[in-house]
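Asker: Listed in order, the protein sequences are those of chains A and B. Numbering follows this note's numbering, with no gaps: position 55 of the first sequence is 55. Numbering follows this note's numbering, with no gaps: position 46 of the second sequence is 46.
Do not rely on the hints blindly, as some may be mistaken.
[Unchecked claim] Simulated pairs of lysine to aspartate or glutamate, EDC-like, Cα-Cα distance not exceeding 16 Å: (1) 64(A) with 46(A); (2) 45(B) with 1(A); (3) 39(A) with 42(B); (4) 44(A) with 89(A); (5) 24(B) with 70(B); (6) 45(B) with 82(B); (7) 39(B) with 105(B); (8) 45(B) with 81(B); (9) 39(B) with 101(A); (10) 39(B) with 82(B); (11) 13(A) with 89(A); (12) 44(A) with 1(B); (13) 64(A) with 89(A); (14) 45(B) with 89(A); (15) 64(A) with 1(B).
Hint data in this document are derived by calculation from the structure and do not stem from the laboratory.
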Amino acid sequence: EVQLQESGPGLVKPSQSLSLTCSVTGYSITSNYWGWIRKFPGNKMEWMGYISYSGSTSYNPSLKSRISITRDTSKNQFFLQLNSVTTEDTATYYCARVPREWGQGVMVTVSS
Amino acid sequence: DIQMTQSPSFLSASVGDRVTINCKASQNINRYLNWYQQKLGEAPKLLIYNANSLQTGIPSRFSGSGSGTDFTLTISSLQPEDVATYFCLQHNSWPWTFGGGTKLELK
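The shape of chain A in the complex, shown without the other chains:
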């Protein structure tokens, strides 16, 4: 059974970077595609980007150059970094094995 678990700080200050980890068990991240999604207050959802089995990435243009998704295959983890955050980045962040299993999500608040 594939399981995903997000982890990271729940509070980030404006202008700083948001960094999250997705730990995967039951499936190798060197297969398939792995993504980050977020759900804003009010329930709008956004697919932020994904990293492929080969390590190539694709990012939502709305995030421009603020986003980076990387991985550590030795730990079977992949990561999200979002730079220059504002209060509008407050959301619940999910990782997923595209398109099937999702983690439970981690709530991140951007506030000073």
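Chain B: place on chain A using the hints.
Answerer: Relative to the frame of chain A, chain B by itself:
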């Protein structure tokens, strides 16, 4: 970006009712449409992929239909455990985009 308009936003129905939820795409997405269920405090669960394919382990009372721009999720006989929020996702064109969600409650 492709806009996904999901309706209704809120739905109240009785056990045994037939329930339908719709998603309309702003342009043709072929059959690249998934449906998810999210219960409070849980991870979203894939129900239907590619418009009408039932994910393994999902009860057969769930079904999906449609192609092009108009899609429907149907629950043939609502059960108490189906109380959840349902949302669609188009994966035809990047960036993939979501419907606004439907909160389903028991009457």
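Asker: Determine for every hint whether it applies to the structure shown.
Answerer: Hints, one by one, checked against the model:
no.	hint	verdict
1	64(A) with 46(A)	holds (14 Å)
2	45(B) with 1(A)	holds (14 Å)
3	39(A) with 42(B)	holds (13 Å)
4	44(A) with 89(A)	holds (12 Å)
5	24(B) with 70(B)	holds (5 Å)
6	45(B) with 82(B)	holds (12 Å)
7	39(B) with 105(B)	holds (11 Å)
8	45(B) with 81(B)	holds (13 Å)
9	39(B) with 101(A)	holds (14 Å)
10	39(B) with 82(B)	holds (8 Å)
11	13(A) with 89(A)	holds (11 Å)
12	44(A) with 1(B)	holds (15 Å)
13	64(A) with 89(A)	holds (14 Å)
14	45(B) with 89(A)	violated (24 Å)
15	64(A) with 1(B)	holds (14 Å)
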